[in-house]
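Using the sequences plus the hints, can you model the full thing?
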Amino acid sequence: MFLFFVLMPLIILGQSKQKRMADSLIADCKQEIKNRNFGKALTLANQSVSIYQEIQDYKAIGDGYNQIATIFYYQGEPYKALTNFEKSASYFKKANFKNGLASATNNVGAIYYFLGNYSKALDHYKIAVQLHEDLNNEKQVAGTTQNIGNIYSILNEFEEAKRYFGIAEKNYRKSNDEKALSLVLSSLGDVYAKEKNYTEALQNFEVSLELATKNKATQTQAQVLFNLGKLHEDKNEYDTAVNYYNKSLTISRTSKSNLNESSALIALGNINLKIGKKQNAVARCKKGLEIAKKINSVSIQEEACNCLYNAYKATNNPIKALQYNERMYLLRDSLNLKQTSDKILNMEFEKEMILDSIANVEKERILKLQHKEEVAKKEKQRNIFIIAVCFAVIIVLAIFGRLNYMRKSKARLQIEKDRSEHLLHNILPEEVADELKEKGFVDAQDFETASILFTDFKSFTETASHLTPQQLVEQINIYFKAFDAIIGHYKIEKIKTIGDAYMAAGGLPKPDANAVKKTILAALDMQAFVTKRKQENTLLDKPAFDMRVGIHVGPIVAGIVGVKKFQYDVWGDTVNIASRMESNGTIGKVNISSNTFALVKDDPDFTFEYRGKITAKGKGELQMYYVQHAKEQKDLTTTTPIPQKVDPISV
1 MFLFFVLMPL IILGQSKQKR MADSLIADCK QEIKNRNFGK ALTLANQSVS IYQEIQDYKA
61 IGDGYNQIAT IFYYQGEPYK ALTNFEKSAS YFKKANFKNG LASATNNVGA IYYFLGNYSK
121 ALDHYKIAVQ LHEDLNNEKQ VAGTTQNIGN IYSILNEFEE AKRYFGIAEK NYRKSNDEKA
181 LSLVLSSLGD VYAKEKNYTE ALQNFEVSLE LATKNKATQT QAQVLFNLGK LHEDKNEYDT
241 AVNYYNKSLT ISRTSKSNLN ESSALIALGN INLKIGKKQN AVARCKKGLE IAKKINSVSI
301 QEEACNCLYN AYKATNNPIK ALQYNERMYL LRDSLNLKQT SDKILNMEFE KEMILDSIAN
361 VEKERILKLQ HKEEVAKKEK QRNIFIIAVC FAVIIVLAIF GRLNYMRKSK ARLQIEKDRS
421 EHLLHNILPE EVADELKEKG FVDAQDFETA SILFTDFKSF TETASHLTPQ QLVEQINIYF
481 KAFDAIIGHY KIEKIKTIGD AYMAAGGLPK PDANAVKKTI LAALDMQAFV TKRKQENTLL
541 DKPAFDMRVG IHVGPIVAGI VGVKKFQYDV WGDTVNIASR MESNGTIGKV NISSNTFALV
601 KDDPDFTFEY RGKITAKGKG ELQMYYVQHA KEQKDLTTTT PIPQKVDPIS V
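Every letter in the sequence shown is one number past the one before it in our numbering, and letter 21, counting from 1, is 21.
No lab work stands behind these hints: they were computed from the structure.
Keep in mind it's a predicted model, so treat the numbers as computed, not measured.
Take the hints with a grain of salt, since some may be wrong.
Claimed, not checked - Pair by pair, the computed Cβ-Cβ distance ranges are:
#1 LYS293 to LYS59: 40 to 50 angstroms
#2 VAL298 to GLU430: 27 to 37 angstroms
#3 GLN203 to GLN279: 30 to 40 angstroms
#4 SER255 to PHE391: 49 to 59 angstroms
For glycine and all other residues, C-beta sits at the position ideal for the given N, C-alpha and C.
Laid out in structure tokens, this is it:
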């Protein structure tokens, strides 16, 4: 007993120190999230949760898991975000922190909404509404009921949609939140339009537009104007529809809303086709397709291709019509594949949650038995101290055990590899093709200063293991099509692709005094494309590649060998050295040889960084340099906006 009273103050003092440390870590974590340093923020959040677990501060643990979930959401990993939001809700419930529980439950619903699991989204949203109503959180009630209305609208359950939109409207009017009111009235008008109740739809759209204009909510303005155009188009009032679509287009461009701009252009294309302005339809839909590709919106690209298919069919251009019809179905298949993949992931996630739940029940049963045995053996006061220590140890062991299990599971997944080989057919250069057609063979040519470019994706097999063969070919095709366009722009020659490697050459089949500079510019553009692609795919939780590039300049022999499946190829030590430049390069950089450096070192458009030597068989030591633009290029990365319907950041 004496030992208990001596140690207890020390335990309390130690816990107080631990809490201050954890509070500091979580504060730093929130700041890193604001700065978008998600890797560092995740480390800080995990550290704080571990400490809070030791001192059993359930409210703080819930906050920690909420931060972890937020990080995973912004990193484009919705399933991990969902798991941690559910943990957050569980701990807030233990702590009887009702505001936190309501917020976390709403966030779980938002993630299910984002994933398209509308049934579970509705379940969690309705629980969140009840919790917020009990706490008199009118603003949160309005936002959540609006999301419920959106789901019922998607499911074509219009009466329920109108009921929940009505609740949201009432709350927004009560709080005088005109921007939010504008949004919900637009959604309500859309429901009436789906019911063909154009009078009510028009009334809601007009009030929504008035409020959006008053509050300078340009995104809402553009959307409402688009909805008005669609309404009048459905009523065959084409002139009025065109007027509204054009207004939506103007505001979208002013506010730089690419999504709304592309939708308005495609709508104008379709309506121009209806009124017989076929060439206008082609121009509008082509521009809409271009913007949709820029923002990587597959669904809008499909709409644009469908518009172009109908336009070219109407202009008696069957070749173009067939081309866009095929692209339309390819995009549609891609959307269907994504939806199927999401359903499979949902099933696997739910299976894992059930297994975890069973394991947790068994673990709790064992802990209760152990606790009961200890109470029976020890004196009451002394037992409090022992149980506290044992419980802390068990929690720590459980955390480390879970982390170890997750590490092993991740390692097993990484070991599984899906190997697929793909051969891309190559097209002969125009001059070589003409010679082959004329003579039946092609004479080999010597080139004294050809610039050879090699690229290769880092960790290609590992990344490919997360894709089906069809997805893999589609991803590689995206990169190689971009590379083809880049080398076409700089008028250098594609030689071949080998698996994930891409080879090109400048200065042939026609010598070009600027071939070396063009090859370097092409390599820099390739790296810029790969970097931008990775940033976009990371936000969308899609696989992406890193790439190395190497260039060497020297003599080669070029020509065609064999009599079947003709392929224009090059030979010589220059090819081997270029390959060494690539394999000894660094991801995101362009690595060039000393020969290449000597030819462009005085060019003001480039800067260089010496990076050492490598030894090549028969060539001795080869010097290498990184090359980059003299001035930093403008960041071309497009940040995909988070959908308005999901707003999980409520801490």
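Each hint, compared with the structure:
1. LYS293 to LYS59: 40 to 50 angstroms: This hint holds: roughly 47 angstroms between Cβ atoms.
2. VAL298 to GLU430: 27 to 37 angstroms: holds, 34 angstroms
3. GLN203 to GLN279: 30 to 40 angstroms: Roughly 37 angstroms apart at Cβ, these two residues keep to the hinted range, so it holds.
4. SER255 to PHE391: 49 to 59 angstroms: At roughly 56 angstroms between Cβ atoms, PHE391 and SER255 fall inside 49 to 59 angstroms, so the hint holds.
This entry satisfies every hint, going by the numbered hints stated previously.
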